[in-house]
Every structure is written in structure tokens, then in C-alpha cells.
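Participant: Sequence:
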Amino acid sequence: MASISVTIHDQDPATAEKLARQLRAELLALDVDDARFDAGSHEHVPGSKGMDPETVTTIIVTLSGSPVLIQLARALRDFVNRDRDREVTIKRGKDSITIKGSPGERTEKVIEQFLEAIED
0 MASISVTIHD QDPATAEKLA RQLRAELLAL DVDDARFDAG SHEHVPGSKG
50 MDPETVTTII VTLSGSPVLI QLARALRDFV NRDRDREVTI KRGKDSITIK
100 GSPGERTEKV IEQFLEAIED
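Going by numbering that gives the first Met the number 0, the residue at position 65 of the sequence shown is 64; the numbering climbs one at a time, nothing skipped.
For the record, the hints were derived by calculation from the structure and aren't laboratory data.
Some hints could be false.
Pairs of lysine to any residue, SDA-like flavour, derived with a Cα cap of 20 angstroms [stated by the list, open to error]:
#  : residue 1 : residue 2
1  : K90       : I69
2  : K90       : S63
3  : K90       : E107
4  : K99       : P66
5  : K93       : A1
6  : K17       : A38
7  : K99       : D11
8  : K99       : E111
9  : K17       : K93
10 : K108      : P66
11 : K93       : V109
12 : K99       : D9
13 : K90       : V67
14 : K90       : H8
15 : K93       : Q112
16 : K17       : E111
17 : K90       : Q70
18 : K99       : Q112
19 : K99       : S63
20 : K17       : K99
21 : K17       : G100
22 : K90       : D32
23 : K17       : A1
24 : K17       : F36
Keep in mind it's a predicted model, so treat the numbers as computed, not measured.
Use the sequences and the hints to build the structure in full.
Facilitator: The following block contains the structure:
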């Protein structure tokens, strides 16, 4: 079973949070085992009603099969390509790749190659 993190980048924390929630919903519609927000090292403030928007820009995706990697690559490509300013970082261990919205199939191929390397 592999776990990767996907971080949404945006100058506006509220926009990044909104995009992260949207992407998480899309990822949960795939055949992934789990897609949850990573609170990281941020502590929950007692009495607060939720997480700080800056802590919900990273999604931890757990998956267990090669076919899901292809689905994930396509979903991330589609998400990034909806806006030329969208940017996500995909990370597994010390390896990471940052993708910025741009048209073309190259984005999907780059993501697929990165994710395939995870399985090796």
C-alpha cells in the first residue's frame, strides 16, 4: 500500500483550502483506499470549530494498486489543467514533483512516471 501527499499551492489560504476540499472529494470518487487532510504538526486549538485553512492544503492519499495510479494521475492532471495558475506538489518520502497548470498530455505523462516510480 502506498501513501502520497498532494499539496495545493495558492497565495490565498482560503482559496487553497477550497481547492483542496474540491480535490479531496474528486479523489474519494476514485478507487483510492483513503484521502484525508494532513494536519501535520499543527495543533488543534481548543474551542476552535475546525482546522486552520493553512493546515488543510495537503491531502494524504493511500492506494494499493497500479490501476489506481493511472486514475490518480489523470485526476491530478485534470485538476491542475483547469486553471493555468493552479499548482500542486506530489510527494512520496523524499521524492516530490510540482506540477503547474498547463495544457497538454505531457503533464499526465510526468505524473504517471513519477507515480510509477513509487511502485518500483
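Participant: Looking at the structure, which of the earlier hints fail to hold?
Facilitator: Violated hints: 4, 9, 16, 19, 23; rest satisfied.
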